[in-house]
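A.B. asks: With chain A fixed as given, assemble chain B with the ligand onto it according to the hints.
If you read the protein sequences in the order shown, they are chains A and B.
For the record, in the first sequence the residue sitting at position 115 is 115 according to the numbering used here, with numbers rising by one throughout.
For the record, in the second sequence the residue sitting at position 44 is 44 according to the numbering used here, with numbers rising by one throughout.
The calculated lysine to aspartate or glutamate pairs, modelled on DMTMM-like cross-linking and capped at a C-alpha distance of 25 Å, are: (1) A:Lys109 / B:Asp54; (2) A:Lys303 / B:Asp53; (3) B:Lys74 / A:Glu229.
Don't read these hints as lab results, they were simulated from the structure.
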Amino acid sequence: MDLSFTPEQLALRGEVVKFARKELNAGLVERDHQQAFSREGWDKCAAMGIHGLPFPREHGGSGADVLTTMLAMEGLGYGCRDSGLIFAINAQMWAVQMPILNFGTEEQKRRYLPRLCGGEWIGAHGMTEPGSGSDSSALATTAVRRGHRWILNGTKTFVTNAPIADVFVVFATTDRARGFMGVTGFVVEKGAPGFHVGKPIEKMGLKTSPMAELVFEDCELPLDALLGEEGGGTRVFSSSMEWERGCLLASSLGAMERQLETCVDYATNRRQFNRPIGKFQSVANKIVDMKVRLETSRLLLYKLAWLKSAGGEAVIDAAIAKLHLSESWVQSCLDAIQIHGGYGYTTEFELERDLRDAIAGRIYSGTSEIQRNIIAAQLGL
Amino acid sequence: MTEIHDYVRMEFAPERASVAPDENLLAQGIVDSLGILKLVTFLEQRFGFEAADDDLVPENFSTLEMIRDFVERKRKP
Ligand SMILES: Cc1cc2nc3c(=O)[nH]c(=O)nc-3n(C[C@H](O)[C@H](O)[C@H](O)COP(=O)(O)OP(=O)(O)OC[C@H]3O[C@@H](n4cnc5c(N)ncnc54)[C@H](O)[C@@H]3O)c2cc1C
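This is chain A alone, in the form it adopts within the complex (with noise of 0.2 Å):
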């Protein structure tokens, strides 16, 4: 496993964190109130070449490997404190383009990657229903086809970038009988008849990145909307969740980064019964603790993009790296808080907010529990 960094790569990271503060953080205490999505800030995070980055150069994107992409998105989570923004550029590059990439057409390709990498179009991602959820291919939403058409019922919740999104991967059963095999994916465009986007969906994080049901009534598509094959939906949908679950928290990493030295900084400047409160070991120890948490969650990122680069599939260590990242933010969220006694609690400080999107990271891409499962399930157990 070689694991060194080019300079070149190195200097990306750098441009990034220096991106990333300049352009992304004005006004997100506000927005976070608001709830309100920063397209400006994903404009410029497209044309910055962000959604584009592991993409190839004929679809619009930089052809860069998945260590560079994920050092760069490490990049983009240190300097932007707008892990609602990041969140939903995310949603978009792991679930809608690269399945779109891996399964779709050439003409799926050409009509739709050049746009969302380029930030012009918005993609959502659509599997959760209100019935299945971790089950996921348990799905009730039914494609039937009739003539030149697909005809699709049914309902998806909890999908991010829906009321801002142009394109949607979504999933639906073309057999029952075939159960989690007979899942199809279909690529589905706003406005599609019988297709709409119901409410806005108020959360507890990630606020600055807006979530919505789909839901589809009747809803006619070509024959062409077909993403993959028929009844090979489980394995877009896996292995998006595959790239999703790696590449989605590295953000994180950064993020992480961030908070530690945050916390380095205000212990030693903080200052309680005549000395730095970091000269106390309970606070010296949660400190050391979330170093070790930020270093092996970087070794399990990096050691999964290097799985990735060789081309191979990593179920085992997209689950471990999915389950140690989610969980050490957390974690971290929660330390940093505490190091910052009552400051930490405040809005105005920025801690707080940073746990109410980290809690997410447990829940999406496939839950703790469920990547302790997948875990265990390859383990034979």
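C.D. replies: For chain B with the ligand alone, coordinates are given in the frame of chain A:
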């Protein structure tokens, strides 16, 4: 076959006394997307072969009979 039956029953349908050889495991959700990972890992380890992505199709996993035939095909050199 008994071994595959016992594994599937104990792992995925422990409340049942048996699973019929031609029962549709996928349609009934006895084997789901997480279950298939477990099942394939078990079959690979127990019968010494490696399943490819393309093997994960209903024709190989819908019933116990199909799983048995799939394992026999994979074990042939
Ligand atoms: C911020 C955010 C963004 C999201 N974005 C999207 C999106 O863009 N698209 C999309 O399709 N979905 C999205 N989701 C939905 C997300 O994928 C689901 O919430 C998640 O899969 C869990 O499903 P559920 O909420 O129905 O919970 P349930 O599956 O009902 O789970 C409830 C609890 O039971 C536990 N549980 C369930 N099954 C098991 C088991 N077998 N073993 C042990 N424990 C179990 C779970 O871990 C959890 O603690 C998003 C969710 C969040 C929070």
